[in-house]
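Engineer: Model the placement of chain B on the given structure of chain A, informed by the hints.
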Amino acid sequence: MNDTVAVARGVSWRVLHTFFTNPAFLLPSLAFPLFFFTAFAGGLSRVSQIPGFDFPTGYTAFQFVFVLLQSAAFAGVFTGFGIARDFESGFMRRLMLAAPNRSGILLGYSFSALVRWLTVASVVTAVALLARMKIGGGGVDLFALYTLALLLNLAGTLWATGVAMRLRTQQAAPVMQMPVFLLLFFAPVYVPLDLLQGWIHGVASVNPITPLLEAGRGFISGAPELALASFAIAAGLIAGFCFWAVRGLRSAEAAG
Amino acid sequence: MSPSLVQAATLGRRAIVRTARQPANVIFPLIFPMLLLAVNAGGLRSATRLPGFPTDSFLAFALAVPFVQGALLATINANVEFARDIQTGFLNRLALTPVRGIVLLVGQLGGLITIAVVQGVFYLVVALAFGVRLASGVGGAVMLLLLEVAIALGFAALGSWAALRTGSTEAVQGLFPVFFVFLFLSSMNMPRNLIQTDWFRWVATINPVSYLIEAVRSLVIEGWNGEALGLGFAAAGGLSLFGFALATHALWRRLERT
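So the protein lines, in turn, are chains A and B.
Last residue of the first sequence: 266 in the working numbering, with the numbers rising by one and none dropped.
Last residue of the second sequence: 259 in the working numbering, with the numbers rising by one and none dropped.
This is chain A alone, in the form it adopts within the complex:
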C-alpha cells in the first residue's frame, strides 16, 4: 500500500509540476472551457427566448453546467495525452522499471487529473460568477454538482489512460478525444432535451451524458432531477473504464 501511494505521489507531483510550470499545458486547459463558456453563454443567450425554453436560472447557468462537465472530462483526456507523451519520450518505460507497484502509476495520473480539473473548475466558476450567473441550488446541490463533475473527470481519465496505455503514441490523441467530444456534444448542449428535434433528439435520449447534464442543471437550479440515475451512470462509467485502464496497464507491461 505504501508503495502504491509513493508511486502515485511521485507521478502526480511530476505531472502537476509540468502542468503548472509550462504555459503550453496550462493555458489550453484553461482556455478551451472559457472559450466554450464565453461563446455559448455570451453568444447564444438569445436561445433562452426560444418558445418552450424554461430553465429557471437563465442561460448562463444552463451553459455553465455543460462547460463544467466538459472541462472535467477533458482534464482527463489531456492527462491521457501526457501519458502518451511519456511513452514516446521513454519516461514511462523507466517509470515502470522503477515502480514497485504499478497500480500507483494509474492512481498518480488520476489524482493529477483531478487537481488539474479543480484548477480549471475554479477559474471557470469564478468567471461564471463574474458574469453574474444565477444559482438556485443550495450548498448540498452544488456539492452534488461538483461531485458529479469530479466523477466524470475520473471516468475521462481512466478512458484516456486505457487508450494511451494500449497505443503508447501521441498520434492516439484523436482516439482519446473524439469519443468524449461526441458523447458530450450529442447531449442537449444548447437547449433542453425536449426542445431538440430530429435525429439529435434520438441520439441525446440514449446518450449516457444526457442524464448527467440534466442532473447537473437540476442541481444548479435547485430543482434536482435524475440525481440517483446520474450518479449510478457515473459510477458505472468509472467501473468500466477502471477495468479498461487496468487492462491497458497490463498490456503496456506485456509490451515491455
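To be clear, the hints were calculated from the coordinates, so they are not data collected in a lab.
Source: prediction; values computed, not measured.
Please note: incorrect hints may appear among the correct ones.
One-sided and incomplete, this derived list gives chain B residues near chain A with beta-carbon spacing under 10 Å [claimed, not checked]:
id, residue
1, Leu31
2, Ile32
3, Gly43
4, Arg50
5, Met189
6, Gly239
7, Phe243
Positions of the beta carbon are idealized from the N, C-alpha and C atoms, including for glycine.
Structural biologist: Below, chain B without anything else, positioned relative to chain A:
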C-alpha cells in the same frame, strides 16, 4: 513556363503530397468540421424559431462555419509541416539553391490553397446531400470556392509567418487555440443582430472572422449580397496582405540568418 512558376509548382505539389501522405491531416479537417456542423445544426435547430432568424434551416445557416474552420485546420496542419521544414534544415538547404524566397512562400501557400479547395468541395457536396440548396445557385458555388481560397490564403499567410518567425512546430500548433478564439467570438452561431449580450455583439462586430462567415452564409441563405461579399473579401484580403507582408519579412530574416 518561367523557372519561378516551375519551382512554385514543385514546392506546391510537395506540400500537397506531404499532406496526402498523412491521413490524420487529411481526414481530421474533413470530418471534424462536419461533426461540429451536425452537432450545432441538430442542437440549435430550434433557434430558427427566434423572431428575425434569417432562415428556417440551421444547417444552411451554420454551413459557413466549416468553410472557415476547415481553412483554419488546413492552415495549422500545413504550417506545422512548414515549421518542420525549418526545424529539419530543409529550408536552409533550399536557400543554397537558386529558388527565390518569394517562390518558396508562394509554393507553400499554393499547396495549402489546393487542399482548402478540396475541403470546400467536400463540405459543399455533403451539405447538398443533406438538402441544403444555395440561394445563389451554381454561380454561388463557384463564388463560395473563391471565397474559401481567399479565406485560406488569409489564414495561411499568418500561419506561414508564425512558422517562419518561430521555426517551431509547437509554436504553430499553439496558434490553434488563438485562431479558435476568433472563431468562437464571431457570429458563427447567431446573426449579429440577434446576439443579445452587448459586449459579445461588439466583439463579433470588430472580429474579421464574422465577415468571412457572413460572406459565405450570404451565398447560402440570401443569394447575391454585394455588401456581405465585399466585406468578406475585404476581410480575407486584408488578412492575406497583412500575413503575407509579415511572412515575407520573416522569410527574409530567416534566409538572412542562414
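Engineer: Now look at each hint and say whether the structure bears it out.
Structural biologist: For each hint, the structure was consulted:
no.: 1; hint: Leu31; verdict: 13 Å, violated
no.: 2; hint: Ile32; verdict: 9 Å, holds
no.: 3; hint: Gly43; verdict: 3 Å, holds
no.: 4; hint: Arg50; verdict: 6 Å, holds
no.: 5; hint: Met189; verdict: 8 Å, holds
no.: 6; hint: Gly239; verdict: 23 Å, violated
no.: 7; hint: Phe243; verdict: 23 Å, violated
Comparing the model with each earlier hint shows violations of hints 1, 6 and 7; every other hint is respected.
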